[in-house]
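First to last, the protein sequences are chains F and V. Using the working numbering, you'd call the opening residue of the first sequence number -13 and step up by one each time. Using the working numbering, you'd call the opening residue of the second sequence number -16 and step up by one each time.
A few of these clues could be false.
[What the hints assert, rightly or not] Straight-line distance between alpha carbons at most 27 Å, and here's what the computed DSS-like set of lysine-lysine pairs gives:
| id | chain 1 | residue 1 | chain 2 | residue 2 |
| --- | --- | --- | --- | --- |
| 1 | V | K188 | F | K97 |
| 2 | V | K341 | V | K327 |
| 3 | V | K188 | V | K143 |
| 4 | V | K129 | V | K55 |
| 5 | F | K97 | V | K129 |
| 6 | F | K25 | V | K188 |
| 7 | V | K335 | F | K25 |
| 8 | V | K193 | V | K55 |
Worth flagging that the hints you see were computed from the coordinates, not collected in a lab. From a predicted model like this one, the values you see are computed outputs, not experimental measurements.
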Amino acid sequence: MNELIIEPGRTEKNYWTDIWRFRELFLFLAWRDLLVRYKQTVIGVLWAVVRPFLTMVIFTILFSRLAKLPSVGTAPYAILVMAGMLPWQFVSGCIGNSSESMVSNSSLISKIYFPRMIVPSSSVVTSFVDFLITLVLMAGMMGWYRFAPDWRLVALPLFIALSFACSLGVGLWLSALMVEYRDVRHIVPFIVQFGMYVSPVGFSSNVVPEKWRTLYSLNPLVGIIDGFRWSLMRGQMQLRWQSLVFSVVITILLFVSGTWYFRRTERTFADVI
Amino acid sequence: MSDAIITVENLGKRYRIVHQRQSGKTLRETLTTAGRGLVRGLIPNGKRSGEDAPAQESEEFWALRNISFEVKQGEVVGIIGRNGAGKSTLLKVLSRITEPTEGRVRLRGRVASLLEVGTGFHPELTGRENIFLNGAILGMRREEIKRKFDEIVDFAGTEKFLDTPVKRYSSGMYVRLAFAVAAHLEPEILVVDEVLAVGDAEFQKKCLGKMRDVASGTGRTVLFVSHNMVAVQSLCHHTVWLERGRLKESGPAALVIGSYHSDGMRSNYASDWEDPATAPGNAMMRIRRISISDDNEPECTMLTMQTEIRIETEYTVGETDDLLHITYHLLNDRGITVLTSWSKPTVYSARKYRAVCKIPGNLLNSGKYSLNLFIVRNENSVIYSKEDMASFDVKDMAQRDTAYLGREPGIVQPSLEWRIEGPLRQ
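Bound conformation, chain F alone (with noise of 0.2 Å):
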């Protein structure tokens, strides 16, 4: 029979074989938040369709024909803004979803122990879904438009798990302060419509002249967008190292430190929530 026990300020050794042990939780409560997500509503999952497809269609419109910003290479404007609104969208969904996660899921939190990363982590799949969906939408612009990727396509998961690990740092931070400081239900709207502004989604990194990139690039996104652009679009929108290795060691600054801040404020959630 395993011992456990409980003492002031004692952290568990055995917090991460717990998450383990505690691993179908996390499906469910993911699992949970599909469900639910599309109830009551009458197009259901058409939804996550829809919204991804009527933004690339106005950044489109917006950015190339208004603003006449160029594209890269040969590939059509609407893909080289799918390419950015892929990862955006997912980075963005799920700092939405994983900031709110642990307030709305305070009734589990004040009754039930289980590890309380579980809540934001799982809170990302439901973006995950969200993802994929809109990458199968990619896959028929692709077709529509006959621009097949070629072999960096391989190169793609490694983007996804950077821009996964990258806002679910973000997520763990600003789940942990939500807790106690519910102001972040007001930060995060801004945050993401400034990060809108502040990374190449409906246009790309080119038109960001020299002298401002290394400025730029320490936004993690930068990196994660080009990124996929290079992945997706045979290579065309060319891949800077800089803006990549910044956005590597930024993401991991932001996952290394939410994780040890929520681990810190973890134990008193119960009583704060």
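The hints should help you fit chain V onto chain F, whose structure is shown.
Here is chain V on its own, set in the frame of chain F:
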């Protein structure tokens, strides 16, 4: 020591209550406090307690302090106490929802807590979906839930509504389904808080039965919090009594519950009512004094099981031609009426009188007693009644011949005649 499945040592949990000062708060002050609060919040734990923010006054409050007890494998332990005594905090610490401020707990086995039925139910999901979700939340594996699915549905009695969202359930159905899931958990230690406060009588009976099975059939350990003393007494071997965060008493359930019941009773051996206007009674009869004493030694303050108890009642009577008499009900600390006795119905003139009643020695068992008063007119109608007119404590001070030194069970403990005859012829 070796067979203790739960060991609690000097456990304490402190909360900080923050009183926000309301008056004279400017926007600038609000902003600076907010800023400081945010900065302090970012430095987790420890550092914060030292320097207190000027605009906030915080007060420390120990929800639990110096709690130590042990629970053995297979025991059912009741945790009792008044509201705010710290019962729920104790369970929260034991089930790792919140961490203690001091002391330690050693648990040997998986703990599942059932702190409120229906935790984690999602209103939009159907009954079937919620069984799986709730099972997972309470720590069951999917195969385990699948295996027990029919049993759970059967216990809850909600087959027909399995595919209806639970938001359309009646509250009774909701609770039944939730309890059914929880009742089929199989942890080594089950923590249950006030689940019996809901549901109808029949369902409560079913729940109690299930809990008894859980404890006796499988040797699992159950911690059970309830305000229902009958349930605690009938389910639990041991009871821990908390009061204002401290451990008041722990031991065999019957003993602890007895002292829990009698704790609220005060002993008033004599009461006087100087002012006729506030004296208990009505225009026909008013009680002016009631006293309880030792009939043989009026100065003695302790009543024992051997004492002949004298109950004196002084009263004034108004103008009336009706027959009047006083009736007393003697209640023990469990609210059971031990005996009833009354004075002779009499036609009084408007004066003051004294009624003296004696309860013989060697009759009452030890414990706390209280008297309920009734004033009766013409032998059939109660014109006045008052509970808890007086209360007193009967102590067990006699030397016992037997080896057992605890309180003997029984509502009364009269000394009966025993005679041994024989040796008899075969």
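Here is how each hint holds up against the structure:
1. K188/V to K97/F: At roughly 25 Å apart (the allowed maximum being 27 Å), K97/F and K188/V satisfy the hint.
2. K341/V to K327/V: holds, 14 Å
3. K188/V to K143/V: This hinted pair holds, its Cα atoms lying about 23 Å apart.
4. K129/V to K55/V: violated, 31 Å
5. K97/F to K129/V: Since the Cα atoms of K97/F and K129/V sit roughly 24 Å apart, the hinted pair holds (cutoff 27 Å).
6. K25/F to K188/V: Judged against 27 Å, a Cα distance of about 37 Å means the pair is violated.
7. K335/V to K25/F: violated, 79 Å
8. K193/V to K55/V: holds, 20 Å
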